[in-house]
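Engineer: Okay, here's what each chain looks like letter by letter:
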Amino acid sequence: MRDLLNLTAAQAVAAIKIGEADASELHALYRERAGTESINSYVSVGDAVTPESVDAPLAGVPIAVKDLFCVEGIETRACSKILTGYIPPYTATAISKLQEAGASYLGKTNMDEFAMGSSNENSAFGAVRNPWDESRVPGGSSGGSAAAVAAGLAPWATGTDTGGSIRQPAAFCGLVGLKPTYGAISRYGMIAFASSLDQAGPITRDVTDAALMLKYMQGKDEMDSTSTGMNEDVATPSNESLAGKKFAIPAPIDWSGVQSGVKEVFDIACKRIEALGGELTEVPLPHADYALSAYYVIAPAEASANLSRFDGVRFGERAADPTGLTDMYERTRGEGFGPEVKRRIMLGTYALSSGYYDAYYNRAQQVRTKILEDYAAAFANCDFIITPTAPSVAFGIGEKIDDPLSMYLGDLFTVPVSLAGLPAISVPAGLATSDGSAAVEPDADGALPVGLQIVAPHFKENALLDAAYAFEKATDFADGPWTWSAS
Amino acid sequence: MITPEDVSYVARLARLQLSEEEQERMTRELSAVLGYVEHMNELELDGVEPTARVVDLVNVLREDTPRPSLPLEKALENAPDEADGGFGVPAAGS
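From first to last, the protein sequence lines are chains A and B.
By the count of this note's numbering, the first sequence reaches residue 487 at its end, each step adding exactly one.
By the count of this note's numbering, the second sequence reaches residue 94 at its end, each step adding exactly one.
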């Protein structure tokens, strides 16, 4: 019998179908592991299940679910104190579609509260530890999902990405993270953070699994008027040659804030793309430098509106013994939200307040228009745009928690893509030293993963997955980056 | 520059109680972040339409026909307080 916990999801599906693996046993093995983990990646573990049939396309493969997705009958809190005790009466469309395809619900994964954060330290359930080095963060906000997959506690997991929350934790944990085109997957039942940016997607061990999960998560949903579905069916990635494909590097990139080891891994990745027949080129993205500014106005503004519903009236916790309605609202929210959420609500409320709307919110949306135009012009001259996923390797727990601006600057490569609603994938590109100073070989002590971000035009997920697959197959870690872990 | 009075005013708008320590920290942090985003003022954006959505959407309206909604008991199941088949809240004027 094969070691079931070493199978990717696609391999598990195949093994179950031919009777080489038993779905109930697979679920039980993961459930047992998830119930005894030490990196705090799960906030709850589901019941044992007996799959009804092995004929379903994802027959019996367990899936870990970020706590941002509602699952009927399962406490769902977005890892916030304010939602303590909330039991949704319905399941998010993205999750119910996976369940209809046969995937079994494994448990809820830890996350930054309401998906606000890049380190998974902003959780009411405490920080998640990166399985590569437990003194470091796994990235955020889908840090629990990434850590669970990287530690072999789930074959795959769902994440959500608003400004990089799938791609950056995937990069920090040596995994594949796919943010599809905005609207490709329904947001119904996903607790809203910034509605014009939020996008669900897969965090997986390899590109094939990312495509498999996307295939069953995506689709237009009448419960979400912004969902579009895909323009074409999601195909299994093929190892097509990259010959003739143009990979553009935004020029100029300011490398001053990027660790030298990350830059070195990126340069090696570029050479690898060339060796595969891809053509490297440069494209200007003149407004990319303004993306972080626009993002940290737009996302908090939308958050302040979305989070106004958490007021102690209809669900979650309520402050004790309120003296009146306003007192109840203010104390419930003051006691229920964590520091990062309060910071963003304040930022957003300020940006939307009278006298500041035009100076901040409207201006940020104008910058967004310029960024969209930049990408449209760039994709007239290339097939893909490539950058490192994050400017650093995983940093230490507590290292940036008191410096929000420094934390926000870590999103510089992912945020412009989010503002434009483009599909992007982070694939493992190599390893760097723990201080990020140099690229190293896989067997080096204390090495940490570095991700390559590949961006494609709207709804070109199949081409994106093909390119990522070709890159993955040409690397030394094609058989599974999660096995790099020294622990 | 954000003042403590600005923070206090915005907290009231946001219905968010902040401790004194939080107000002090928020004054500092909001000043830093808003100082950073001032960067956008370098751009000439007159006449640029603000983005409303990033992908084309067609607004298809469904038939205006009644359909079952969440049953009352389900809707109230998560409420901290229930009163007479509705959400119980303290009096607004007290």
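None of these hints come from the bench; they were simulated from the model.
Values in this document were obtained by computation on a predicted structure and should not be read as measured data.
Note that beta-carbon positions come from the ideal geometry of N, C-alpha and C, so glycine has one too.
A portion of the hints provided could be inaccurate.
What the hints assert, rightly or not - Some chain B residues well away from chain A (every beta-carbon gap over 12 Å; in silico): (1) ASP64; (2) ALA75; (3) ASP84.
What the hints assert, rightly or not - Okay, the calculated beta carbon distance ranges per label pair: (4) B:GLU77 x A:PRO284: 50 to 60 Å; (5) A:ALA305 x B:ASP84: 27 to 37 Å; (6) B:ARG28 x A:SER24: 37 to 47 Å; (7) A:GLY446 x B:VAL60: 51 to 61 Å; (8) A:TYR357 x B:TYR36: 10 to 20 Å; (9) A:SER135 x B:THR3: 32 to 42 Å; (10) A:VAL49 x B:ARG67: 51 to 61 Å; (11) A:SER24 x B:ALA32: 50 to 60 Å.
Engineer: Against each hint, give a clear statement of whether it holds in the structure.
Structural biologist: Going through the hints against the structure:
no., hint, result
1, ASP64, "holds (14 Å)"
2, ALA75, "violated (8 Å)"
3, ASP84, "holds (15 Å)"
4, B:GLU77 x A:PRO284: 50 to 60 Å, "holds (54 Å)"
5, A:ALA305 x B:ASP84: 27 to 37 Å, "holds (30 Å)"
6, B:ARG28 x A:SER24: 37 to 47 Å, "violated (54 Å)"
7, A:GLY446 x B:VAL60: 51 to 61 Å, "holds (54 Å)"
8, A:TYR357 x B:TYR36: 10 to 20 Å, "holds (19 Å)"
9, A:SER135 x B:THR3: 32 to 42 Å, "holds (39 Å)"
10, A:VAL49 x B:ARG67: 51 to 61 Å, "violated (31 Å)"
11, A:SER24 x B:ALA32: 50 to 60 Å, "holds (53 Å)"
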